[in-house]
Amino acid sequence: MRPAVHLAIPVEDLDAARHFYGEVLGLEQGRTSSHWIDWNLSGHQLVTHVVARARAQEGASEVDGHHVPIPHFGLLLSPQGFHELADRLRAAGTEFLIEPYLRFPDRPGAQWTMFFRDPCGNALEFKAFLDESQVFAR
7 MRPAVHLAIP
17 VEDLDAARHF
27 YGEVLGLEQG
37 RTSSHWIDWN
47 LSGHQLVTHV
57 VARARAQEGA
67 SEVDGHHVPI
77 PHFGLLLSPQ
87 GFHELADRLR
97 AAGTEFLIEP
107 YLRFPDRPGA
117 QWTMFFRDPC
127 GNALEFKAFL
137 DESQVFAR
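Per the working numbering, residue 7 is the first one in the sequence shown, and the count goes up by one each step.
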């Protein structure tokens, strides 16, 4: 088995999470219970757990003239997959924290990126490198 990431995130409404992660993002649903759902995030396990909570304190980091929400998680996609997801998010009426744009053009690590929140306030970033060999380029 190839190494994969397991990520558990809090959600307040499992039905809203089911709609967003399953229908809007198009993730395949795995095991489920009355208080959690496993999702296939491109071979990685993402688990949405119901947690009654106040929203966590968040920060931001300045990157390329934008306030990037911290913490956040996401996925590296192909450029085609990135643009298809951006179109699907727009069609679903998703409000972007940072609209899809090309970050660091003409520099090592040039990438398409976008930020948005799930219905429970978790920040997500999806990106696509123009050259996948430059994911860790300096």
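A few of these clues could be false.
[What the hints assert, rightly or not] Simulated DEER-style distance windows between Cβ atoms: (1) G49 to G115: 20 to 28 Å; (2) G87 to S40: 27 to 35 Å; (3) R144 to V57: 18 to 26 Å; (4) G71 to W42: 15 to 23 Å; (5) A143 to R59: 16 to 24 Å; (6) S39 to H73: 33 to 41 Å; (7) N46 to G127: 34 to 42 Å; (8) Q51 to G71: 30 to 38 Å; (9) A97 to G127: 17 to 25 Å; (10) R59 to G115: 12 to 20 Å; (11) G127 to R94: 35 to 43 Å; (12) P77 to E101: 16 to 24 Å; (13) L136 to R94: 19 to 27 Å; (14) F110 to E64: 19 to 27 Å.
Derived by calculation from the structure, the hints in this document are not laboratory data.
Where is the CB? At the ideal position from N, CA and C, for every residue including glycine.
To see whether the hints hold, each was checked on the structure:
1. G49 to G115: 20 to 28 Å: Given about 23 Å between the Cβ atoms, the range holds.
2. G87 to S40: 27 to 35 Å: Given a distance of about 32 Å, which is inside 27 to 35 Å, the answer is holds.
3. R144 to V57: 18 to 26 Å: violated (38 Å)
4. G71 to W42: 15 to 23 Å: violated (38 Å)
5. A143 to R59: 16 to 24 Å: violated (38 Å)
6. S39 to H73: 33 to 41 Å: Holds - the Cβ-Cβ distance for S39 and H73, about 36 Å, lies within 33 to 41 Å.
7. N46 to G127: 34 to 42 Å: At roughly 23 Å between Cβ atoms, G127 and N46 fall outside 34 to 42 Å, so the hint is violated.
8. Q51 to G71: 30 to 38 Å: holds (34 Å)
9. A97 to G127: 17 to 25 Å: With Cβ atoms ~22 Å apart, the hint holds.
10. R59 to G115: 12 to 20 Å: violated (35 Å)
11. G127 to R94: 35 to 43 Å: violated (20 Å)
12. P77 to E101: 16 to 24 Å: For E101 against P77, whose Cβ atoms are near 19 Å apart, the range 16 to 24 Å holds.
13. L136 to R94: 19 to 27 Å: 21 Å Cβ-Cβ, so the 19 to 27 Å window holds.
14. F110 to E64: 19 to 27 Å: holds (24 Å)
Hint compliance for this structure: hints 3, 4, 5, 7, 10, 11 are not met, and every other hint is.
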